[in-house]
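K.L.:
Listed below, chain by chain, are the residues.
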Amino acid sequence: MEKIIVDENNRSVLIEKAVRTNADMIYRIAYQQTGSFDDAEDILQEVSVALVTKNAPLEDEEYLRRWLIRVTVNKCRDLYRHKKRTHTESLEENINIPAKEKDAILDELFLLPEKYRTVLYLYYYEEFTLKEIAQTLNKSINTVSSELQRARKKLRKILTEE
Amino acid sequence: MKNNKYTEKIKSIRAPQQSVDKAVEAALEAEKNSSVTEQKAPEKRIRLSAVLSAAAALVIIAGSIAAEFAVREQSNTQTAESKASEHQSSAEPEQNNTFSLMVNAAELTENTPVNYVDLDYSDINKMTAASTTYTLNEKNNTLNVEFYPELPFHLTCTGNNIKNVTYSINNAAFDLSFILNDHDDILNGENERSIEDLISLGVIELGESADIYDNDQIMDLYFGTKPLESHRKSLKRRYRKSFTINYDNEYKTTEEINSDLKAEKDLLNGLSLIDIQTRPPASLLNSKDNKAREAAELLSGFKNMQEFEEFKAGKYRPDLRYAILNALISDISIDVTISYKDGQSDKCTIQLEMVADDNYSESNYDNSYHLLSCKVRAKLINK
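First to last, the protein sequences are chains X and H.
End of the first sequence = 169 in the numbering used here, gap-free, step of one.
End of the second sequence = 378 in the numbering used here, gap-free, step of one.
Since the hints were derived computationally from the structure, they do not count as laboratory data.
Yeah, the Cβ is synthetic: ideal placement off N, Cα and C, and Gly gets one too.
Treat the hints with caution; some may be incorrect.
What the hints assert, rightly or not - The calculated label-pair distances, taken between Cβ atoms and stated as ranges, are:
{"#": "1", "chain 1": "X", "residue 1": "D67", "chain 2": "H", "residue 2": "M(-4)", "range": "31 to 37 Å"}
{"#": "2", "chain 1": "X", "residue 1": "Y70", "chain 2": "H", "residue 2": "T104", "range": "47 to 53 Å"}
{"#": "3", "chain 1": "H", "residue 1": "E105", "chain 2": "X", "residue 2": "R77", "range": "24 to 30 Å"}
{"#": "4", "chain 1": "X", "residue 1": "R84", "chain 2": "H", "residue 2": "N377", "range": "29 to 35 Å"}
{"#": "5", "chain 1": "X", "residue 1": "Y70", "chain 2": "H", "residue 2": "S29", "range": "33 to 39 Å"}
{"#": "6", "chain 1": "X", "residue 1": "D67", "chain 2": "H", "residue 2": "N377", "range": "55 to 61 Å"}
{"#": "7", "chain 1": "X", "residue 1": "N81", "chain 2": "H", "residue 2": "S204", "range": "35 to 41 Å"}
{"#": "8", "chain 1": "H", "residue 1": "S340", "chain 2": "X", "residue 2": "D67", "range": "21 to 27 Å"}
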């Protein structure tokens, strides 16, 4: 049993700090998963609320960061499933290839399966190790390294370090 | 942040300030409406299922299949021991030796083959990411074909009085990974159980190793300029020509197995097809299919990667790519040996084949072809 008691004022400060510090990260993950800026904003709101309602670990910044990544990925997945269940049009709009701005790099990125994009982001942008990615996303290292390998193959040109 | 075009692009993507302010407001509002409560961490008791089902991602290497096999674990408030004693006290007498195979929750019989790859971009329920990649390994003078439809090959063997089941693959290799049977987690390959854990528990036994990942040049081709050593080692461990699952009927009932199967039918795993034996593959040169032979002839004679790239850009038609996939996949079979507790055994073979499909289509992007429609099925023979 874990009990968290935080001074009310201090908690509000921690909440605001947690949201502002991690907003870009949440937004980037959500955008890469959904391909939609609007969806990314919605998910940022939802994750921020979940931070409170799910009693996120506010006082441990590193743990909080991983917690937020995990919740963001889950929220994106929920959104995807909801769209898949309610989508009734036949195929002018492909939900696997979302609406996106015209951009060669993003074009390549969005051809990747969604699950690869988060692994890619955590590895290249946040510089997580494979082990950290596996722990954060609750996957095995084998799975993470396979996904990273496949993503690297497909996006070799834009992932070559400069 | 590592410096490349990808990270530079991502860096430019920032949450709008207004959106961040709104998010802060929403969080603080939620805080006002809630109070800090004591939380109790949920108890999770893990119980290994007796019968391991196969959530197979097929990696076809030299015509090989890589299969991921799922381990079902269920949270249970009872201990494994108390559940086992309950089961034993109500267990019926041993029945005859029987077995049945399921592929992706559909029973596989001699009369009912199962489509386990069924892509169709005209149907939103069948859409998924899928691609084929054709690369020429100049060092080894071999052709690599990777077919990756991101779909599961979930193979299960259930029955009465089973002691263990051995799977052996022909012209292919298994890629072993074991996933806990939590529906949502399986969708993302989460909660994967370590192969080493399962070996130490006596749940699985590894058979003959597949030799593809002993070839460092092939490994380098797939990993790019900086191979991930940890991944290289794990792949060498995982790729097998055969393996055995040991059954323990002490904890499992048929009803639980059936309910697990329903939960697992949405597994998402990949299938890769890679042929490294020859350039072009012998199965193509000797194929009875005219187009397969035509593809083989076109594929031969490349002196370097540039020629191969030019060929891919101009001459490599979708129908020829289909012919290659068809020839390679049809070489693959899995022999299943079921050993019973009384010393008897049964055997059968699962044959893979591409279903002739006029709608087979791909779109070309960079070095990969993204499949838009494709069907592969498993047939049971020699039962």
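K.L.:
Now, for every hint given, state plainly whether the structure supports it.
P.N.:
Structure-based check of each hint:
1. In this structure the supplied range 31 to 37 Å is violated for D67 of chain X paired with M(-4) of chain H, their Cβ-Cβ distance being about 23 Å.
2. For Y70 of chain X and T104 of chain H, the Cβ-Cβ distance of about 50 Å falls inside the hinted range of 47 to 53 Å, so the restraint holds.
3. Against the hinted window of 24 to 30 Å, the Cβ-Cβ separation of E105 of chain H and R77 of chain X comes to about 45 Å, which falls outside the hint.
4. Range check, R84 of chain X to N377 of chain H: Cβ separation about 41 Å, and the 29 to 35 Å hint is violated.
5. Taking 33 to 39 Å as the suggested C-beta distance range, the pair Y70 of chain X and S29 of chain H does not conform, at roughly 21 Å.
6. A C-beta distance of roughly 58 Å is found between D67 of chain X and N377 of chain H, which places it inside the suggested range of 55 to 61 Å.
7. Taken as a hint, the range 35 to 41 Å holds for the pair N81 of chain X and S204 of chain H, whose Cβ atoms sit roughly 37 Å apart.
8. For the pair S340 of chain H and D67 of chain X, the supplied restraint of 21 to 27 Å is violated, since their beta-carbon distance comes to about 55 Å.
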